[in-house]
Amino acid sequence: MPSLFSASAPLNAFQVWFVVYLYALPLMLYASWAALSLLDIADSGTATARRGWSAVVILLPLLGGACYLLFAASTLRRPARRAAVIGGLIVWLIPLVAGLWLAGGPLGPKALS
Amino acid sequence: MTGASRGSWRRPDLLAGIVLLLAVAACGKQEPQPTGTVLVSMADNSYSPSIVRVPVGGSIVFINAGRNDHNAVAVDKSWSTEKTFGNIRMRPGDMAEIVFPAQGVYPFYCTFHATPDGRAGMVGVVVVGDVTYTAPAGARGVLAPVADASGVTRRVPQDYPTIQNAVDAANPGDLVLIDRGVYVESVFVTTPSVTLRGVDRNEVVVDGRFEAGTGIMVAADGVAVENMTARNFTLNGFYWTGVKGFRGAYLTAYNNGDYGIYAFGASDGLFEHSYASGSPDSAFYVGQCAPCDVVLNDVVGAYSGLGYSGTNSSGNMYVLNSRFEHNRSGISTTTFDIELYPPGRDTVIAGNVVSDSGLDNEAAGFYATETLAGNGIALVGTHTNRVEHNLVTGSRNNGIVILPILDRHYWPATGHVVRANTVLGSGRADLAAGGLGTLGNCFDGNIYRSSLPWGLEALNGCGRWRAPLASDLSTYLTFFGAIGQVRTGQFTLNDYKTRPVPPPQPNLPGGALAPVRPAVHPFREQHLDLATIRTPSPVARPAIPARS
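Just so you know, the sequences run in chain order A and B. Using our numbering, read the first sequence as starting at 1 and increasing by one per residue. Using our numbering, read the second sequence as starting at 1 and increasing by one per residue.
Derived from the structure by calculation, the hints contain no laboratory data. Please note that the accuracy of each hint is not assured.
Covered stretches of chain A (chain B as the covering partner; in silico rule of three or more C-beta atoms under 8 angstroms from a C-beta of chain B) [unchecked claim]: (1) 19-26; (2) 97-104.
Only part of the chain A face toward chain B is listed, based on derived beta-carbon distances under 8 angstroms [to be verified]: (3) A9; (4) N12; (5) Q15.
Every residue gets a Cβ at the ideal spot worked out from N, C-alpha and C, and that includes glycine.
If we strip away everything but chain B, and leave its shape as in the complex, we get:
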């Protein structure tokens, strides 16, 4: 391992970026590759993400995003974020990049906030290369997921005083049933095929009190979390990482400091009937997966920087029949070099209501979401998404916008299909495409009143001849201008801790007695029929099914 610290991004300098802008046609489409760099934020006191997979030769950029000093040191002492000899302290805002040239599994820890064996406290794991890694379930080692329920129910607090106690005792297929109450704890699930279920979604609350990092973090395959609330965590409400098979249903996550309901490096999953709000980054986030095999169905994302965000999430990624309202930006698919598998591609966004994006000042946010503020659906540096039958209203800037992005590489946005959406009441343009290299996108059958450039749909229809007038440079330049605005600090943000508390949400049908179904293959069980999805009516908005 080699360590190299630096004070700023290794992005191309701006003049080189301009040259890249002028040479984008050469970029073209690229298949998702497990190359590059992964960003790991150091919060107080946990890593996010804490289980990180990088390719051989890839790197991790550690950023201290907390208020305390932190670091990252390999348990085997083979690498660290030490900048110079003896200077092990990373102060808030410091960055350090570590390159991993050899395959293997490398646990690491913070010397200030964890035990040196990497087992307790602020710890993480780097998995380098094509190595199978499953988080060990405590002293029992690695367990295999199961498809069927075991019939065993472990009750909290009747049988176990804490959720973590019950989870640690559970075997694959067990149900951990949590009674009403406020549980001040962070839960880490390493046993596969466990179902965590609250008896009442609104009255089973995991509370971080703005001190703990993540409410429920899952690092085991096939785990379902149902019918409960997570609030007031400095990072995430519910979080699956590095797993295959996951389900989050009838969950509420609000006023968490990074993401509400979050899957990273996870595939074959389902988020349904859930509500997330008040997260500075995004209410729902699915990142770094290819193919993802993930469905979001009938969820609500509100008062967040982004209602839904998908970065480098590619292949069988569906955002369906959901509602994203009062966010800085409603839905965003993005390509970044700081996660694996760029560029993001092949996301289907259909049947959603996206409203009031950036229109009021109620949402939480952070600097990056400000660069997209006011856009209903933004396809940024991604490829071949399908955006169909959505209702997008009241966007402060653009209803549906397609943009390239300049990270370490320049990523044009190409091959998107924008069809049969109703997009109205946008402040700048209902349909917009901007930037060089924004080519091969098509628009068909949309109901809209304005577009940038003019004639965007008329001249770029799907399945017919397309004119070269496919994008508008000023749309990108205003986006670029927004980045400048953010870089110079010309924006104000709401504190996520004070965002609106959501109203009571519907419970899991059947409640505590609902069938227990380990989330082994939730994607395969979806039987998606996109042909039946229709554009929601501006009046009759979709709602979460009535309380059972």
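Isolated chain A (complex conformation):
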């Protein structure tokens, strides 16, 4: 993934911020939630249910894993599942919204003089 490590010049905090919180972290959350979900799916339910949930978790990035962990997982403890999903969302979205808020104001007019 060379693009992750290939920043524009001059490098500035917003570029790193957005690459991390709009790009890298969602991928990591997807991987984490999917892995946890598949771990749980492997030890529960019927074969049909396992195939169905596996498809949901893999084909619906983030949403599938989060839904499974919050509402359908059975072998993992509920506090751990909630911590994984809600904690992950907090770690992801609060810095992201803060960055968007800081960078999202109007550019303002040209100064012509």
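Take the given structure of chain A and dock chain B to it, following the hints.
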């Protein structure tokens, strides 16, 4: 007319923007439409652009970009930028949006810097709907363009003390021949088919002394301006607006505060053998035309925010055999909602040398150019451009990059053909495509060393199967990050007033005795043969033809 003031852009909020980002596939290709909003900047003391065409129901956003207070009031008093009753003063940075629901022609003026009849000073015209409008040539009213020279030469200063005097006296087909000297004036041309010519490109200088707005502004069809220099204007060096048929040849424009050589809402034109540098926005700019029928051939754009910029310029738009060096960004085709006819499309960029983009700190610039700084050729929110046989070297970030843009709408960049270019020495990637919806672009036969995403050309060739790996999100996010950087003021700009003075440039062959050719159909006369264009050699760069 209705007026509505506001303190910020009516852009979608950012979360809505994210949703739009995720829904871009639905945007697809759109034909250029004369809808939307036009931005008018208020400088000290003129409007830019000053002749504005909007569709019925469209709007104008006025922004005070000067240091003085301004406003805009219709001559017939039907609308104004008055925010609240009695508050007619727009302070620097203020914005006001006016909606125009009815067809017509609406002259307007600034109550502080113009006469109330809209004839002198800081004045402008709004043309709403499909209305034919030609700027009246003084007391003689509207004149028709002619294809042939009249044989009459009006000399400045021998016959007329100022260029404006000669232009006002000229009839269609006349030559206004300007002798050596520095002319401290702004010229407004409203007579069609006039040719303004200096006897020496380097020694006939129109000088704004950083006080006047535009050097030579043309609002009449078929006007050619040749063989002279415009410098030190707070807005533009040479400017054609709302015209059909124009030519700028052997012109030099440097250290002007907005654009060097500029065509807005103008079609059927030619810029050739000209040099522009030191403009914070762009050295050469062609905006808001569809179809444009405009050619830039053998020009040099340097030390500017953008070497060439085309916003919403679509159809038969050619940038050929030119050189763009030491700019913040070399060439940019862009779509914005603040001009008519979005999205921009169908520009051919071929045979150019684009070098040292964002590489040093010599160029002028302003906030928007900083968001693209370091890119050689940037195709931003536009469609179906052809980028062929260019030499792009020394770009601080990307050599050729394709990006979407989020303005009031989200504009993906699609359908571009990037072929047979030599792109080397880029700091980030020689070829790059970023953002959601950046689809349908193809790359073929380019000489390059790096691309983002990896395999961009191998997996997205022209005329064959293309992989879904067509763009890289991080490329867009670094662009988005640059916008954040600009918004928070984390950049420094060079003062356009102190950019390098260009060396003497070649004169018009034949000089004062060259044939007089009104610019009635310059595009049709070009006989373009793109098949003969080859990629410039890294060593033998193209140059303006030798002085005659």
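These are the hints, each one checked on the structure:
{"no.": "1", "hint": "19-26", "in the structure": "holds (count 3)"}
{"no.": "2", "hint": "97-104", "in the structure": "holds (count 6)"}
{"no.": "3", "hint": "A9", "in the structure": "holds (5 angstroms)"}
{"no.": "4", "hint": "N12", "in the structure": "holds (5 angstroms)"}
{"no.": "5", "hint": "Q15", "in the structure": "holds (3 angstroms)"}
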